[in-house]
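**Student:** One-letter residues, chain by chain:
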Amino acid sequence: MSGHDFEALVRLTAKDGSVLALPGDSCEKVPEVSLGWLAAKGSIKKRGPGSGPKKKGRLTSMFGGAPDTPLTTPLPPAVRDDTGDPKRRSEEE
Amino acid sequence: MAGKYGSPDGWFLVDGYNLVSTKMQSFRFKIEALSEATTGVGDTWDEHTLTGLRRAEIEQGGAFFDTSANNSHDAFSAAVPATATVAGRIACLGFAAMTSGRPMTGVQGEFTTSYEVLGQQGGLTRANATDLVTGILQDGVVLHTHGAETGTTGNTEATSVDHTTEDAIRAIPITSSSVANPTVITTTVPHGLTTGDSVLIAGHSGSTPDINGEEDVTVTSTTTFTVVQNVTVGGTGGTIVEAKTASGGSGYVQVTALALGGYTSVTLVIRDSADDITFGDLVTFTATTTAPSAQRGAVAGTVERYLASEYTFNGAGSSQSVTFLAGFCRD
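Just so you know, the sequences run in chain order A and B.
Numbered by my numbering, the letters in the first sequence go through residues 1 to 93 in order.
Numbered by my numbering, the letters in the second sequence go through residues 1 to 331 in order.
Hints in this document: simulated from the structure, not taken from any laboratory.
A couple of the hints might just be wrong.
As the list claims (entries may be wrong) - Interface residues of chain B toward chain A, partial, derived using beta-carbon atoms under 10 Å: (1) T153; (2) V233; (3) V241; (4) T284; (5) G301.
Said to hold, decoys possible - Restraint ranges, calculated between C-beta atoms of paired labels, are given here: (6) S68(B) x P23(A): 40 to 46 Å; (7) E32(A) x A202(B): 25 to 31 Å; (8) G192(B) x G48(A): 26 to 32 Å; (9) A287(B) x V19(A): 17 to 23 Å; (10) S21(B) x G48(A): 27 to 33 Å; (11) V19(A) x A316(B): 14 to 20 Å; (12) T38(B) x P23(A): 53 to 59 Å; (13) D16(A) x P173(B): 14 to 20 Å; (14) T218(B) x A39(A): 16 to 22 Å; (15) A39(A) x F64(B): 50 to 56 Å; (16) G192(B) x P23(A): 43 to 49 Å; (17) N181(B) x V19(A): 38 to 44 Å; (18) K30(B) x V19(A): 51 to 57 Å; (19) D16(A) x A78(B): 40 to 46 Å.
Don't be surprised by glycine CBs; every beta carbon is placed ideally from N, CA and C.
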């Protein structure tokens, strides 16, 4: 059992008062010995698949160019094709 | 309560007023079970039947009449309710010295129903007050002794209160542990536990394996419970004391003085831990901006074995100070 697998639901501190995790944070700093009782109490929860460490800041270009423009315009809604036939849809268009 | 305590040990705080500073001469709380006389024709003895209601009353007596800020007149004269919808007061009191781990009583829903000032020829004027409790009266433990803190943040985790060593904790004698999986532990007197509690077993001898240590319990009767141990040779003797509790409780804070020094507020928190290594927030009180003031915060579910308190000033400033008491009462 690793602290990376858990997310804090309450603020957790060490005995010296230092903050180990705030609500929503990964529990990587929480001693392994404490994970069991914290999970049983509901103070931490298992993270879902794909919920790895959150990266902070804007994405930058993969090829070292200028930072990408943040996506502020929502994507257009997907067009529903009731027939499920992509061919027919392109014919109608 | 373990031990005997004299008047220097008593303390009494109501809504952030420290009544010890008013030189009160006595204080008491009384809990009674209400009953109704049910004697009828043919009975030869007076008969009473319990109604199922309990009543609590708190009284402070003989304090010197003092109109200076935060003294008894301030605390009680304006507290006699003028309307039927007034909110109850919050009180914390103790008969043992106010040190971390010592017992306290927490009260919410206390109404000052009488306040009297007694002038006398050749003597100082005194004031008495009586409060009735409509709500909660709980036994608990002091986590932060009434005193001033001047840091920007601080906590009592280094001196956390271990429930198994509290002054008022009862050690229940064990009769035996059975050969079973899970083993059944029998106590000589009612243990008072709830399923989900844990106990610290000590001094139990002869069992295989050794079951001394902390164990979660499943209650099977008032004098028996099981712990998750496959015992192949039964043991005898030793004691249990309650460690974690499963029925929630209430945190209490009394703030008697506050200098924000530019900070916007101070937040008081009660924290718990199962291992005294990592602590989690248990009760977070509403940020305090004024004194005197008091709060009670209730929680449900598990309250771990170790308890501590914390204060944090919010914002920015300097020369800050908060004088408070913090305690917790397990249900």
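**Student:** Taking the hints in turn, state whether each one holds.
**Tutor:** Okay, the hints, checked on the actual structure:
1. T153: holds, 7 Å
2. V233: violated, 28 Å
3. V241: violated, 18 Å
4. T284: Holds, because the Cβ-Cβ distance from T284(B) to chain A comes to roughly 9 Å (cut-off 10 Å).
5. G301: At 7 Å from the nearest chain A Cβ, G301(B) passes the 10 Å test, so the hint holds.
6. S68(B) x P23(A): 40 to 46 Å: Holds, at about 44 Å.
7. E32(A) x A202(B): 25 to 31 Å: holds, 27 Å
8. G192(B) x G48(A): 26 to 32 Å: violated, 41 Å
9. A287(B) x V19(A): 17 to 23 Å: holds, 18 Å
10. S21(B) x G48(A): 27 to 33 Å: violated, 55 Å
11. V19(A) x A316(B): 14 to 20 Å: About 19 Å separates the Cβ atoms of V19(A) and A316(B), which means 14 to 20 Å holds.
12. T38(B) x P23(A): 53 to 59 Å: holds, 55 Å
13. D16(A) x P173(B): 14 to 20 Å: Given range 14 to 20 Å: violated, Cβ gap about 38 Å.
14. T218(B) x A39(A): 16 to 22 Å: 20 Å Cβ-Cβ, so the 16 to 22 Å window holds.
15. A39(A) x F64(B): 50 to 56 Å: holds, 55 Å
16. G192(B) x P23(A): 43 to 49 Å: violated, 34 Å
17. N181(B) x V19(A): 38 to 44 Å: holds, 42 Å
18. K30(B) x V19(A): 51 to 57 Å: violated, 44 Å
19. D16(A) x A78(B): 40 to 46 Å: Roughly 43 Å apart at Cβ, these two residues keep to the hinted range, so it holds.
In terms of the numbered hints stated before, the structure departs from hints 2, 3, 8, 10, 13, 16 and 18, listed from lowest to highest.
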